[in-house]
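Peer 1: The primary structure of each chain is shown beneath.
Number of protein chains: 2
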Amino acid sequence: MKPLRERAKMEYLECLFCQKKFPLNIFNPFCPDCGAPLLYFYPPQNKELYLDKENPLERALDFLPLNKVNLNLTLGEGNTPLIKLSGIMNQFNFPSLYAKNETTNPTYSFKDRGTAVALQKAVSLGIKNIGTVSTGNMAASTSAFGAKAGLKTMILLKEDTSREKLLSSAIHSPTLIKVKGDYGKLFYKSFSVGKSHRIYFMNSVDPFRIEGYKITGFEIFLHFNQKAPDYIVVPVSSGGHLIGLMRAFLDLKKQGLIQKTPTFVGVQAKGCSPIAQAFSSGYSRVKRIQKGRTIAHGISNPDPPGGNIVLQMIKENNGFIIDSTDKQISSAQKSLAQKEGIFCQASSAAALAGLYKLSSKTQFKPEDRIVLILTGSGLKAMEELSSMTFPLHKTSLPQLESLLNHHF
Amino acid sequence: MKPLRERAKMEYLECLFCQKKFPLNIFNPFCPDCGAPLLYFYPPQNKELYLDKENPLERALDFLPLNKVNLNLTLGEGNTPLIKLSGIMNQFNFPSLYAKNETTNPTYSFKDRGTAVALQKAVSLGIKNIGTVSTGNMAASTSAFGAKAGLKTMILLKEDTSREKLLSSAIHSPTLIKVKGDYGKLFYKSFSVGKSHRIYFMNSVDPFRIEGYKITGFEIFLHFNQKAPDYIVVPVSSGGHLIGLMRAFLDLKKQGLIQKTPTFVGVQAKGCSPIAQAFSSGYSRVKRIQKGRTIAHGISNPDPPGGNIVLQMIKENNGFIIDSTDKQISSAQKSLAQKEGIFCQASSAAALAGLYKLSSKTQFKPEDRIVLILTGSGLKAMEELSSMTFPLHKTSLPQLESLLNHHF
Chain A
1 MKPLRERAKM EYLECLFCQK KFPLNIFNPF CPDCGAPLLY FYPPQNKELY LDKENPLERA
61 LDFLPLNKVN LNLTLGEGNT PLIKLSGIMN QFNFPSLYAK NETTNPTYSF KDRGTAVALQ
121 KAVSLGIKNI GTVSTGNMAA STSAFGAKAG LKTMILLKED TSREKLLSSA IHSPTLIKVK
181 GDYGKLFYKS FSVGKSHRIY FMNSVDPFRI EGYKITGFEI FLHFNQKAPD YIVVPVSSGG
241 HLIGLMRAFL DLKKQGLIQK TPTFVGVQAK GCSPIAQAFS SGYSRVKRIQ KGRTIAHGIS
301 NPDPPGGNIV LQMIKENNGF IIDSTDKQIS SAQKSLAQKE GIFCQASSAA ALAGLYKLSS
361 KTQFKPEDRI VLILTGSGLK AMEELSSMTF PLHKTSLPQL ESLLNHHF
Chain B
1 MKPLRERAKM EYLECLFCQK KFPLNIFNPF CPDCGAPLLY FYPPQNKELY LDKENPLERA
61 LDFLPLNKVN LNLTLGEGNT PLIKLSGIMN QFNFPSLYAK NETTNPTYSF KDRGTAVALQ
121 KAVSLGIKNI GTVSTGNMAA STSAFGAKAG LKTMILLKED TSREKLLSSA IHSPTLIKVK
181 GDYGKLFYKS FSVGKSHRIY FMNSVDPFRI EGYKITGFEI FLHFNQKAPD YIVVPVSSGG
241 HLIGLMRAFL DLKKQGLIQK TPTFVGVQAK GCSPIAQAFS SGYSRVKRIQ KGRTIAHGIS
301 NPDPPGGNIV LQMIKENNGF IIDSTDKQIS SAQKSLAQKE GIFCQASSAA ALAGLYKLSS
361 KTQFKPEDRI VLILTGSGLK AMEELSSMTF PLHKTSLPQL ESLLNHHF
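Chains as they are written, first to last, in the numbering used here: chain A, 1 to 408; chain B, 1 to 408.
It cannot be assumed that every hint is accurate.
Unchecked claim - Pulled a few chain B residues facing chain A out of the computed Cβ check, cut under 10 Å: (1) Val123; (2) Ile289; (3) Arg293; (4) Tyr356.
To be verified - With a Cα cut of at most 30 Å, we get these calculated DSSO-like pairs of lysine-lysine: (5) B:Lys291 / A:Lys152; (6) B:Lys315 / A:Lys394; (7) A:Lys165 / B:Lys195; (8) B:Lys287 / B:Lys189; (9) B:Lys165 / B:Lys287; (10) B:Lys185 / B:Lys270; (11) A:Lys84 / B:Lys128; (12) A:Lys21 / A:Lys394; (13) B:Lys291 / B:Lys315; (14) B:Lys128 / A:Lys165; (15) B:Lys195 / B:Lys158; (16) B:Lys68 / A:Lys227; (17) A:Lys84 / B:Lys180.
Calculated directly from the structure, the hints in this document are not laboratory data.
These numbers were taken from a predicted model, which means no experiment stands behind them.
Where a beta carbon is used, it is the ideal one built from N, C-alpha and C, also for glycine.
With these hints in hand, go ahead and build the complete structure from the sequences.
Peer 2: Below, the structure written as structure tokens:
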């Protein structure tokens, strides 16, 4: 049998640092020269968004590494709401502030955007086995999409992953393997076992996953009547999500559809902020930290594989990477729930916490439009609320009226 | 101050049984003669769906009890995916089968559809306090929308509601009151305290909530190029959801937009099936059962306030109310996750379990189109998976390759 990549139409991945192209090897998408994650290479072409299409992948097909979209593989991902955060705007005197609520995706996180495109690619290449290294949102997303497509799905997990965390993946019946040892090394190890067992590990900085994250950017562009907002603020862990969002607006600029990209702001939790640390020190390379300590587990990657790409792209595009404390993040999570009716994970609320910090350093213009990307549902990280206290009244049916008379 | 209902434009609610109209009293929407829940009365009018509108409430405005839609109050509810369930179709040789995935609403259940419309009404009437009697999806939905609108929200709870169940409401900071005593009586008591304290209790069969559920029906109609599907299968608890869905298609028929309504199939859990029992016995009135016993907590209402309306409308429209065992429901939940990548609550999976049962009694035509309504996310009822077992492999980094060699 011919290797899969030879059967596909010739496609290339490129290294941002070595500025070289390499033929697509979906089982090992890293630069043979410098080891950096490779990104999808598109030959120059005039592109447009197909506004009459309802499916977000079909709408953005020109900008995706796909020849067509197989609608049997979709779970209805995307087309998420963009909500004006009037309560928070008024409280803090912000200019126009919006949340792109990615928590309403089919598995309740932004990961579905990337999984959807990686899965389309896998099926188009005839791949039968997919996998990922994750304990959280990405595991559930990959398991769900794998189930829909009838593929075998393998999830490699940290040794200490709790049963509770596993359930939302396990319900889809993937193969679950707990692996003792360094989690960062497991990320790289997955590609070597993937290659030998023909399992396509669509991990956090997979080039097709990153292309899927672009679609969120296109939806924001369309929401604003084909204009870019002024700021996009997004939590950063491995870096894949931010890279995808930046690539979306760079694509639009290249096509002449916008004149100026938004200012991109990546937010990390202070307890696990290797990219923010490198950024504030002016380094061009991210230094691995020992261990992350933050309530925002979804963004606690001490060795982010996309970190160097994020740093380079943020510098080229005049963005920022900032950090927020757990206290600021918790407070932002409560504000979003209490003022805006949105219950997102602490990791998502980091976007709002980051905006608070940015607003102390940056003078927004009254006409500015700021978009926060809320990445995952609070329901997926209920342990974050374990210490939350709240008033709880108790009464009986006959005493209810009297309780209300006295207290309300 | 004038009473609210006099300040509003004159509106009426009607009793399906007494066939009488009553001026709207939002604090007590029950028939003064027979006690039945009242439904919204629309004067005869030519109506259309505004297809150019993105917001589902604006699109259906002619069919809603609202003069306009305040977009500041929306959380982006609706426009949920309709997904073809190819895996299950093929396995069971069903005709075209679809799931309307209501779990991707802003608080991850169909309740948001109804809350959105009831909230619009509340704000348009100048109401400052809203409430509900619920421990689950409706509490979270009402708390979230109340927070967005800046209203005070009161949630009345069963005495034994767990802290865990409360968190997804509590995060939005409503007033939470646990009430000792009969839960069915608490439902009716809420209206008397609501009236005296001017709290609008938008409970399960609230007439505005029910109108909100119609929008799901309109979206299905539009998805099928302005045709009705042949079957709509939906889990039934209080009855409000099914009543709303039936009203949507009856509205469309009245306007000449469809010739024939779908066959409506309501599904209850066998352990709590007062409406299904009345239906199969040919009774026109539902008899309260003592206590429901089912894993499908979301549909375990022993005294469904909309039960009699459901029975009457189902009979008039040649529908069915059937029941499914917990075993069938659990199995359906697994099928949806494993074949279709959708993780819904057991209560939602009852729709598929009901379809299995229906298929043993009904001969579907090959061209039939069946729609299941999946009502709430599995993430909201994780306790349902407490006894789930699944294989979990364990290895170490150096042994991973060898585990895969031996087992995969």
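Peer 1: If a hint holds in the structure, say so; if it doesn't, say that too.
Peer 2: Structure-based check of each hint:
{"no.": "1", "hint": "Val123", "verdict": "violated (13 Å)"}
{"no.": "2", "hint": "Ile289", "verdict": "violated (20 Å)"}
{"no.": "3", "hint": "Arg293", "verdict": "violated (23 Å)"}
{"no.": "4", "hint": "Tyr356", "verdict": "violated (19 Å)"}
{"no.": "5", "hint": "B:Lys291 / A:Lys152", "verdict": "violated (42 Å)"}
{"no.": "6", "hint": "B:Lys315 / A:Lys394", "verdict": "violated (42 Å)"}
{"no.": "7", "hint": "A:Lys165 / B:Lys195", "verdict": "violated (44 Å)"}
{"no.": "8", "hint": "B:Lys287 / B:Lys189", "verdict": "holds (20 Å)"}
{"no.": "9", "hint": "B:Lys165 / B:Lys287", "verdict": "holds (29 Å)"}
{"no.": "10", "hint": "B:Lys185 / B:Lys270", "verdict": "holds (23 Å)"}
{"no.": "11", "hint": "A:Lys84 / B:Lys128", "verdict": "holds (21 Å)"}
{"no.": "12", "hint": "A:Lys21 / A:Lys394", "verdict": "violated (67 Å)"}
{"no.": "13", "hint": "B:Lys291 / B:Lys315", "verdict": "holds (26 Å)"}
{"no.": "14", "hint": "B:Lys128 / A:Lys165", "verdict": "violated (39 Å)"}
{"no.": "15", "hint": "B:Lys195 / B:Lys158", "verdict": "holds (21 Å)"}
{"no.": "16", "hint": "B:Lys68 / A:Lys227", "verdict": "holds (28 Å)"}
{"no.": "17", "hint": "A:Lys84 / B:Lys180", "verdict": "violated (40 Å)"}
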